[in-house]
Amino acid sequence: MIRVQEQDFDMNEEYQSMLADDSVSGAVVMFVGRVRDINQGHQVDSLYLEHYPAMTEKYLTQLEQQALSLWPLEKVTLIHRVGKLSLTDQIVLVAVSSVHREAAFEAAQYLIDLLKARAPFWKKEHVAGEQTRWVSANHKDQIAAAQWL
Amino acid sequence: MIRVQEQDFDMNEEYQSMLADDSVSGAVVMFVGRVRDINQGHQVDSLYLEHYPAMTEKYLTQLEQQALSLWPLEKVTLIHRVGKLSLTDQIVLVAVSSVHREAAFEAAQYLIDLLKARAPFWKKEHVAGEQTRWVSANHKDQIAAAQWL
Amino acid sequence: MNKVLFFAQLRERLGCDTVQLDAQGMSVRELRQVLAKRDERWRTWLLDKDVLVAVNQTLVDDNAALSTGDEVAMFPPVTGG
Amino acid sequence: MNKVLFFAQLRERLGCDTVQLDAQGMSVRELRQVLAKRDERWRTWLLDKDVLVAVNQTLVDDNAALSTGDEVAMFPPVTGG
Numbered sequence: 277m278i279r280v281q282e283q284d285f286d287m288n289e290e291y292q293s294m295l296a297d298d299s300v301s302g303a304v305v306m307f308v309g310r311v312r313d314i315n316q317g318h319q320v321d322s323l324y325l326e327h328y329p330a331m332t333e334k335y336l337t338q339l340e341q342q343a344l345s346l347w348p349l350e351k352v353t354l355i356h357r358v359g360k361l362s363l364t365d366q367i368v369l370v371a372v373s374s375v376h377r378e379a380a381f382e383a384a385q386y387l388i389d390l391l392k393a394r395a396p397f398w399k400k401e402h403v404a405g406e407q408t409r410w411v412s413a414n415h416k417d418q419i420a421a422a423q424w425l
Numbered sequence: 277m278i279r280v281q282e283q284d285f286d287m288n289e290e291y292q293s294m295l296a297d298d299s300v301s302g303a304v305v306m307f308v309g310r311v312r313d314i315n316q317g318h319q320v321d322s323l324y325l326e327h328y329p330a331m332t333e334k335y336l337t338q339l340e341q342q343a344l345s346l347w348p349l350e351k352v353t354l355i356h357r358v359g360k361l362s363l364t365d366q367i368v369l370v371a372v373s374s375v376h377r378e379a380a381f382e383a384a385q386y387l388i389d390l391l392k393a394r395a396p397f398w399k400k401e402h403v404a405g406e407q408t409r410w411v412s413a414n415h416k417d418q419i420a421a422a423q424w425l
Numbered sequence: 006m007n008k009v010l011f012f013a014q015l016r017e018r019l020g021c022d023t024v025q026l027d028a029q030g031m032s033v034r035e036l037r038q039v040l041a042k043r044d045e046r047w048r049t050w051l052l053d054k055d056v057l058v059a060v061n062q063t064l065v066d067d068n069a070a071l072s073t074g075d076e077v078a079m080f081p082p083v084t085g086g
Numbered sequence: 006m007n008k009v010l011f012f013a014q015l016r017e018r019l020g021c022d023t024v025q026l027d028a029q030g031m032s033v034r035e036l037r038q039v040l041a042k043r044d045e046r047w048r049t050w051l052l053d054k055d056v057l058v059a060v061n062q063t064l065v066d067d068n069a070a071l072s073t074g075d076e077v078a079m080f081p082p083v084t085g086g
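Top line first, the protein sequences correspond to chains A, B, C and D. According to the working numbering, the first sequence is numbered sequentially starting from 277. According to the working numbering, the second sequence is numbered sequentially starting from 277. According to the working numbering, the third sequence is numbered sequentially starting from 6. According to the working numbering, the fourth sequence is numbered sequentially starting from 6.
It is worth saying that the hints were derived from the structure and are not from the lab. Even for Gly, the Cβ is constructed at its ideal location relative to N, Cα and C. Hints may contain errors.
Covered stretches of chain D, as calculated for chain B (at least 3 residues, CB under 8 Å) [stated by the list, open to error]:
| hint | region |
| --- | --- |
| 1 | 9-15 |
| 2 | 26-33 |
| 3 | 75-86 |
Label pairs and their in silico Cβ distance ranges [what the hints assert, rightly or not]:
| hint | chain 1 | residue 1 | chain 2 | residue 2 | range |
| --- | --- | --- | --- | --- | --- |
| 4 | B | Y324 | A | E282 | 44 to 50 Å |
| 5 | B | S299 | D | D22 | 46 to 52 Å |
| 6 | A | Q423 | C | T23 | 31 to 37 Å |
Construct all of the structure, not just a fragment, from the sequences and the given hints.
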């Protein structure tokens, strides 16, 4: 299940609905990314998340399918927010259920690594005492994604 | 924070309380282990979790301290249930918050790998059509733990 | 005809969301060169090696060939998640 | 005096939760040998190489030395999580 939305998500609701009627999964791994106070040395107040809607949907759907084909997973949930976000807001949820934990951990890392390096989202931060700044892409994120290829 | 308890835990409550007053953590990784229907080829109805109370508490506290010293983490939550559990019940929660996702993912895997290989819990399954059976230790779990040492 | 979309910094730097033009038969490289001719600003930002290009919502390299109706998008490295 | 606790399969197989004895000065190996003398069942299960031993709630090997008051625990490989 993939979703790109302005509103917040409820991690627990996603967890419960992912596991409804599932007596097979022994393992669930969830990752939540949040707006944190310091990014690339700047004090962040809030940020604006822009995206390329047709492509985010297409790419995330593809990413979900890839994960399902690479690991024996029960379900994949990918939610990414767009628009204006404040300090400590949730940005992204990756949740994966599987019979075994190894598959769930690997797939969750794969999904967030690829999402960060490839999905067309861009963050513009509102920085304390300044105007705004576009977040620079992180070389480390490209390396994290490349390890899966 | 570590807890060993008979009652169920609320993943969302743990998530919220872990993040209260935290504007630093950009990443949260959570792992939930559940009672699944088939284990080691047997159809499971329910299970009983026995433990060695003084040692589980001591070992989990030590494990939490080790994770905090090995990675730059904000918080660690470890909850393990004991007593009678039914199919699809939650057994264990590992939750870790950190500035960066790499540390959160690694520490969560470390915690569950070591917990499974070292913490003094034992599962006795009630198997369909049979009496009960003690779950056999999984060699794979010993290997997963050994990789961290 | 083709639609070319710009996102994030690139959109702001060009002061442009979308252009329509006929890119039939061009490669992505040729399309970038055509757009770069508009003025100094377009030249600077469109020939930047960090610019990513997607055709019909899939990342491609500079050699990709364009057909009528393809939706082209140009944008800086992504920073979501 | 020392308390020796048994858990899980080992507890069930021995039909015993706890024994009290004086293990002062013994190694863990010697304590296992002493307990193994009780009868055939104790012999079979206490000398099983898979049995784990903790002293004062910390895993130790067979060479560990015991002092008065140490809490000893013996149990099969763990299966939690």
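Verification of the hints:
no. : hint                            : verdict
1   : 9-15                            : holds (count 4)
2   : 26-33                           : violated (count 0)
3   : 75-86                           : holds (count 9)
4   : Y324(B) <-> E282(A): 44 to 50 Å : 47 Å, holds
5   : S299(B) <-> D22(D): 46 to 52 Å  : 50 Å, holds
6   : Q423(A) <-> T23(C): 31 to 37 Å  : 36 Å, holds
In summary, the one numbered hint that this structure violates is 2.
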